[in-house]
Amino acid sequence: MDSSTVIIEPPTFKWNYDVFLSYRGEDTRTNFTSHLDMALRQKGVNVFIDDKLERGEQISETLFKSIQEALISIIIFSQNYASSSWCLDELVNIIECKKSKDQIVLPVFYKVDPSDIRKQSGSFGEALAKHQAKFKTKIQIWREALTTAANLSGWDLGTRKEADLIGDIVKKVLSTLNRTCMPLYVAKYPVGIDSKLEYIKLRSHNLFEKNNKFHYRTQHEYEFDTGIYMVGIYGIGGIGKTTLAKALYNKIASQFEGCCFLSNVREASKQFNGLAQLQESLLYEILMVDLKVVNLDRGINIIRNRLCSKKVLIVLDDVDKLEQLEALVGGCDWFGKGSRIIVTTRNKHLLFSHGFDEIHNILGLNEDKAIELFSWHAFKKNRPSSNYLDLSKRATSYCKGHPLALVVLGSFLCIRDQAEWCSILDEFENSLNKDIKDILQLSFDGLEDKIKDIFLDISCLLVGEKVEYVKDMLSACHVNLDFGVIVLMDLSLITIENDKVQMHDLIKQMGQKIVCGESLELGKRSRLWLVHDVWEVLVNNSVSNSYLKYL
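Be aware that the sequence shown starts at 1, since it is given in the working numbering, and climbs by one per residue.
Check each hint, because a few of them may be wrong.
[To be verified] With a Cα cut of at most 27 Å, we get these calculated BS3-like pairs of lysine-lysine: (1) Lys471 x Lys524; (2) Lys161 x Lys337; (3) Lys369 x Lys321; (4) Lys337 x Lys380; (5) Lys134 x Lys119; (6) Lys400 x Lys369; (7) Lys321 x Lys452; (8) Lys251 x Lys98; (9) Lys99 x Lys119; (10) Lys452 x Lys437.
The hints are simulated quantities; they were obtained by calculation from the structure and are not laboratory data.
Required output: the full structure, derived from the provided sequences and hints.
Written out as structure tokens, the structure is:
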């Protein structure tokens with residue numbers, strides 16, 4: 001029975017432990033089980049093992065709760081497993097969790113014949129016979145649980161080396177954890193994503209199955225394709241590259257042994273030791289082990305050595321320099337057969353320079369999709385009412401199919417009456433420049449002064465921080481902070497993703513540009529966020545208390 005051939009569906013519950021180990025202590029505690037436990041923990045797997053709980057006649061509530069809170073239960077059947085009523089009660093609870101919670105159950109047959117467990121013969125039959133007098137009411141339940149577990153796909157040690165078996169189990173657990181990770185947040189209203197995926201599918205040679213049915217390759221369908229493939233996605237800022245990359249990642253991630261999505265590579269690499277930190281993040285996401293990267297060359301060697309035999313999916317979002325590609329996904333020999341590298345960028349020449357296998361240009365939305373996306377944000381439905389249709393077409397024509405512009409302008413016009421729409425659109429039409437930056441500026445200009453301050457504080461200093469941290473930092477300065485955050489969210493100027501305050505980089509750049517425009521002198525700006533700027537004003541003692549709010 002080979003567990004590697006089983007397709008595991010994602011669970012429908014949240015878990016606190018990755019793996020629960022059920023085993024007979026006297027058989028395997030000091031050998032196989034301890035080695036498996038260590039191997040799993042070394043890979044960053046959160047394991048619950050009951051070697052520290054006090055044993056009694058009945059399974060404890062603590063242990064039962066731990067079984068319920070595990071994503072995977074691994075049952076190590078050994079010679080004396082059934083001689084323990086505790087182990088049998090554990091087994092019953094594990095099978096119940098499989099039935100009620102879709103818990104993943106993986107049996108290991110350690111020096112026992114699976115048929116003895118299935119038929120309750122041999123040592124298992126003898127153990128149950130001894131239990132008959134004391135546990136008469138439980139015998140049938142135990143028998144059913146043993147039969148159910150023995151019929152599941154798992155591993156039989158047989159004549160294999162224990163180290164090889166442990167390696168296979170760890171590989172399956174890591175693969176399962178990868179498949180059950182929470183999908184990336186794509187968009188509140190993912191309008192046009194399916195058509196963009198279809199566009200990639202039609203032009204791609206190695207991401208999608210080549211037939212009329214639009215589906216993603218199964219594990220077996222990928223096996224024939226052993227090449228490492230690099231796919232580049234380019235387009236102007238705000239056009240939807242990141243959204244598309246997230247959707248693509250969610251669709252195909254389950255086909256790989258390890259996956260990593262690195263967001264905002266351009267911004268992250270600007271930080272102190274930024275590329276080395278990105279290398280650490282990449283390694284942790286795939287291996288689930290913290291590895292210290294002291295310099296880029298060391299990081300490159302670790303990536304090459306640790307990932308060269310792994311089939312991985314890596315997405316680098318918003319790359320703007322060749323050195324970023326060279327440090328993170330430098331060569332095809334860095335990764336195992338069948339690996340896929342996806343990169344988003346505004347600079348298509350980077351993709352050509354690095355020799356990408358496929359390069360896709362992402363364009364704006366067509367008129368129908370533009371109206372739909374705009375309407376979701378302006379009216380909270382997919383189409384405008386008849387009395388707003390012409391105004392909506394006029395508004396979307398200024399956006400030229402640009403998703404971010406449609407989202408921001410739609411959110412800005414939401415709940416305003418027709419007269420306000422006409423006034424705002426007339427003013428915009430009469431302006432000399434009509435591009436995405438002007439639409440973003442229009443939304444900022446419409447804010448109250450106090451909310452403008454909150455927006456600038458976030459855009460300059462707090463993007464990517466936890467919501468509670470942002471509130472702690474700003475609550476003393478802004479009595480209307482909660483209201484201001486709600487307004488900024490309603491206007492799509494900020495979003496909350498995974499309990500962090502996020503902002504599109506074009507919106508963030510607008511806020512920072514506004515602050516930079518306050519003065520050519522650093523000390524006379526209201527906010528400083530770059531380390532070298534802070535260093536300069538402190539060294540030169542050029543800080544003006546009447547201007548500067550935050551360092």
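Hint check:
For a cut-off of 27 Å, the pair hint linking Lys471 to Lys524 stands: about 26 Å separates their Cα positions. A threshold of 27 Å between alpha carbons decides the hint, and for Lys161 with Lys337 the separation of about 25 Å falls inside it, so the pair holds. Pair hint Lys369 plus Lys321 does not hold up; C-alpha atoms about 32 Å apart against a cutoff of 27 Å. Simply put, Lys337 and Lys380 have alpha-carbon atoms about 45 Å apart, too far for the 27 Å limit, and the pair is violated.
Proposed proximity of Lys134 and Lys119 is supported: the alpha carbons are some 21 Å apart, at most 27 Å. For the given pair, Lys400 sits about 11 Å from Lys369 by alpha-carbon distance, which is consistent with the 27 Å threshold. For the given pair, Lys321 sits about 33 Å from Lys452 by alpha-carbon distance, which is inconsistent with the 27 Å threshold. Distance hint between Lys251 and Lys98 is fulfilled; the C-alpha atoms sit about 26 Å from each other, no more than 27 Å.
The hinted pair formed by Lys99 and Lys119 meets the criterion: a straight-line CA distance of about 21 Å does not exceed 27 Å. With a C-alpha separation of about 17 Å, the suggested pair Lys452 and Lys437 falls inside the 27 Å cut-off, and the hint holds.
Going down the numbered hints, you'll see the structure goes against 3, 4, 7, while the others check out.
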